[in-house]
Amino acid sequence: MSLEHLFATVLMANLIGFGGLSSLPVMRGELETAGLQADSLLLHSLAVANITPGPNGLYLVVVGYFVADIQGALVAILALLLPPVLVLPLEKARSRLLHLKRFRAAMFALSLSVVALLAISSGSLVLHSATDTLGFAMVCAGTVLLLCRAPPILGFVLALTVGWLVS
Amino acid sequence: MQRMSKSHRVPLAPWTEVFTAFARIGLTSFGGGSATVSAMRQLCLRKRWLTEAEFISQLVLSRLTPGISILAQVILIGRTVCGVRGMAAGLAGLMIPSLTITIVLAWGYELISAYPRAQVPLHAVAGMAAGFAISLAIQLFRDIMRPVPFLRATLIFLLFAALGVWLNKPLLVMGIAIALALIFPDVFDMVPQPPKTGGTNEP
Numbered sequence: 001m002s003l004e005h006l007f008a009t010v011l012m013a014n015l016i017g018f019g020g021l022s023s024l025p026v027m028r029g030e031l032e033t034a035g036l037q038a039d040s041l042l043l044h045s046l047a048v049a050n051i052t053p054g055p056n057g058l059y060l061v062v063v064g065y066f067v068a069d070i071q072g073a074l075v076a077i078l079a080l081l082l083p084p085v086l087v088l089p090l091e092k093a094r095s096r097l098l099h100l101k102r103f104r105a106a107m108f109a110l111s112l113s114v115v116a117l118l119a120i121s122s123g124s125l126v127l128h129s130a131t132d133t134l135g136f137a138m139v140c141a142g143t144v145l146l147l148c149r150a151p152p153i154l155g156f157v158l159a160l161t162v163g164w165l166v167s
Numbered sequence: 001m002q003r004m005s006k007s008h009r010v011p012l013a014p015w016t017e018v019f020t021a022f023a024r025i026g027l028t029s030f031g032g033g034s035a036t037v038s039a040m041r042q043l044c045l046r047k048r049w050l051t052e053a054e055f056i057s058q059l060v061l062s063r064l065t066p067g068i069s070i071l072a073q074v075i076l077i078g079r080t081v082c083g084v085r086g087m088a089a090g091l092a093g094l095m096i097p098s099l100t101i102t103i104v105l106a107w108g109y110e111l112i113s114a115y116p117r118a119q120v121p122l123h124a125v126a127g128m129a130a131g132f133a134i135s136l137a138i139q140l141f142r143d144i145m146r147p148v149p150f151l152r153a154t155l156i157f158l159l160f161a162a163l164g165v166w167l168n169k170p171l172l173v174m175g176i177a178i179a180l181a182l183i184f185p186d187v188f189d190m191v192p193q194p195p196k197t198g199g200t201n202e203p
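Here the protein sequences come in this chain order: Z and D. Its first residue numbered 1, the first sequence is counted upward by one per residue in the working numbering. Its first residue numbered 1, the second sequence is counted upward by one per residue in the working numbering.
Calculated directly from the structure, the hints in this document are not laboratory data. Keep in mind that the hints are not guaranteed to be accurate.
To be clear about the criterion: a stretch of chain D counts as covered by chain Z if any three or more of its residues have a C-beta under 8 Å from a C-beta of chain Z, and this derived list gives those stretches [said to hold, decoys possible]:
id: 1; region: 15 to 29
id: 2; region: 40 to 54
id: 3; region: 138 to 144
id: 4; region: 177 to 190
Below, simulated SDA-like cross-link-like pairs (lysine to any residue); rule was C-alpha separation at most 20 Å, straight line [to be verified]:
id: 5; chain 1: Z; residue 1: Lys92; chain 2: D; residue 2: Val60
id: 6; chain 1: D; residue 1: Lys47; chain 2: D; residue 2: Arg63
id: 7; chain 1: D; residue 1: Lys169; chain 2: Z; residue 2: Glu32
id: 8; chain 1: D; residue 1: Lys169; chain 2: D; residue 2: Val187
Facing chain D, a subset of chain Z residues (Cβ under 7 Å, in silico) [to be verified]:
id: 9; residue: Ile16
id: 10; residue: Pro83
id: 11; residue: Val115
id: 12; residue: Val126
id: 13; residue: Leu146
id: 14; residue: Val157
id: 15; residue: Leu160
id: 16; residue: Gly163
id: 17; residue: Leu165
id: 18; residue: Ser167
We treat Cβ as the ideally placed atom computed from N, Cα and C, and that holds for glycine.
Could you build the full structure based on these sequences and the hints that come with them?
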C-alpha cells in the first residue's frame with residue numbers, strides 16, 4: 001500500500017466515520033481491497049491503541065505504522081487532523097442545517113449504518129481471534145471488562161499474563 | 001456568538017496555558033474518548049473557559065463533525081480561549097504526548113511480536129482487543145438507540161447490517177443509508193431535538 005493510498009484510505013475512513021471506532025468498517029474494507037491481512041492488522045493496532053492515552057481513533061496511526069513504518073504513522077496523523085477542522089464551517093451552518101429534516105434524517109441514518117457496519121467488523125475480528133479456547137476466553141473477558149468500564153490497560157495486562165502462563 | 005467574538009479580541013488565557021492544559025490531558029486520559037471528554041469538561045469548567053451549557057453545545061457540534069470528535073471539540077475550545085493560536089495549541093497539546101506514546105508502543109509491539117515466545121501472549125492480547133471492539137459497538141448501539149423509538153430504529157439497524165453482510169462494501173451501505181434518509185426523511189428523523197442551551201451560537 002503506497003503512502004498516498006494510505007493517506008486517502010485513512011482520510012476517507014475518517015470523513016465518513018464519526019469518532020471512536022466508527023472508521024473501522026471502511027478501514028477494514030480498504031485494507032482487504034489492498035490485499036493486506038485486514039483483521040490481523042486491525043486487531044494488533046487496536047491492542048496497542050487500547051493502552052495509549054487519547055481518543056480511540058488513534059488506532060489508525062498504529063495501522064499506518066504497521067503498514068509503512070514511521071512514514072505511514074505520519075501520513076495517518078495528517079489524515080486524522082484534517083476532517084475535524086470541518087467543525088468551523090459546520091458551526092456557521094449549524095443552526096440552518098439542524099432545522100432541515102432531511103439533514104437530521106441523513107445524519108441519523110449514517111450513524112445507524114456506521115454502528116451496523118461496526119458490529120459486522122467487530123464480529124469478523126472476533127472470528128479471527130477466537131480460534132481457540134484462549135482467544136474465545138479473551139474476547140469474552142474484553143467485552144465484559146469494557147462494558148463494566150474497567151480500564152483497558154487492566155485487560156491488556158490480564159491478557160499478557162494469561163497468555164504467558166498458558167505458553 | 002458573543003463569547004466567541006469577544007475571545008478573539010481578549011484571550012481568556014495565553015496559548016501556552018492551553019497547550020500545557022491539553023498536554024496534561026493527552027498524557028493522562030487513558031480509557032478512550034469518554035475519559036478524554038470528561039477531563040476536558042473538568043478543565044473548561046475549572047478554568048472558567050466555558051460554561052456547562054457552552055461545553056455541551058460544543059460537544060453536540062463536534063459529534064456532528066466527521067473524524068475524531070474530540071479533536072473537533074479541542075479546536076472549538078482552543079478558539080474560544082485564544083483564537084487561532086488556541087486552536088493550534090490545544091491540538092498540539094493533546095496530540096503530541098498521545099501520538100508519541102502510541103508510536104513508541106507500536107514500535108515495541110512490533111519488536112516483541114518477532115519473538116516466537118511472544119506469540120501466545122500476543123494472541124491473547126488480540127482476543128482482548130476484539131472483545132473491546134465488541135464492547136464499544138454495544139455501547140455505541142446503546143447510545144444511539146436511547147433517545148429513539150426502539151423497534152423502528154432496530155429494524156433499520158438490522159436492514160443496514162444485512163446490507164453490510166450482503167454487499168460487503170461499507171461505503172456503498174453508507175451511501176444507501178443517506179439516500180434512503182433523503183428520500184424518506186419522515187422515517188429516519190426520529191432523534192428528539194435538544195432544548196436551546198444558550199450556547200455559543202445564541203445571538
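We went through each hint and held it up to the structure:
Beta-carbon proximity to chain Z at under 8 Å applies to 4 residues in the region 15 to 29 of chain D; the threshold of 3 is reached and the given coverage holds. Chain Z is given as covering the region 40 to 54 of chain D, and this is violated because 0 residues of the stretch bring a CB closer than 8 Å to a CB of that chain, at least three being needed. Look at the region 138 to 144 of chain D against chain Z: 5 of its residues bring a Cβ nearer than 8 Å to a Cβ of that chain, three or more, so the hint holds. For the region 177 to 190 of chain D, the stated coverage by chain Z is satisfied: 12 residues place a CB nearer than 8 Å to a CB of that chain, which reaches the threshold of 3.
Note on Lys92/Z and Val60/D: the hinted pairing holds, with a Cα-Cα distance of about 14 Å set against a maximum of 20 Å. Simply put, Lys47/D and Arg63/D have alpha-carbon atoms about 23 Å apart, too far for the 20 Å limit, and the pair is violated. For the hint pairing Lys169/D with Glu32/Z, the CA-to-CA distance comes to about 11 Å; that is within 20 Å, so the pair holds. The straight-line distance between the Cα atoms of Lys169/D and Val187/D is roughly 24 Å, outside the 20 Å bound, and the hint therefore fails.
Interface hint status for Ile16/Z: upheld, as the beta-carbon distance to the closest one in chain D is roughly 6 Å, under 7 Å. Satisfaction of the interface hint for Pro83/Z is found here, the shortest Cβ-Cβ separation to chain D being roughly 3 Å, below the 7 Å cut-off. Taking 7 Å as the C-beta cut-off, the interface hint given for Val115/Z holds, the closest approach to chain D being about 5 Å. A distance limit of 7 Å between C-beta atoms decides the matter here; for Val126/Z the minimum to chain D is near 5 Å, and the interface restraint holds.
Hint on Leu146/Z holds. Least Cβ distance to chain D is approximately 4 Å, under the 7 Å limit. Evaluation of the Val157/Z hint against chain D yields a violated restraint, the C-beta minimum of about 10 Å exceeding 7 Å. For Leu160/Z, the interface hint holds, the least distance from its beta-carbon to any beta-carbon of chain D being 5 Å, beneath 7 Å. Residue-level restraint check for Gly163/Z holds (minimum Cβ-Cβ distance to chain D is 3 Å; threshold 7 Å).
The criterion of a C-beta within 7 Å of any C-beta in chain D is not met by Leu165/Z, whose closest approach is roughly 9 Å, and the hint is violated. The interface hint given for Ser167/Z holds, since its Cβ lies 4 Å from the closest Cβ of chain D, which is under the 7 Å cut-off.
Hint compliance for this structure: hints 2, 6, 8, 14 and 17 are not met, and every other hint is.
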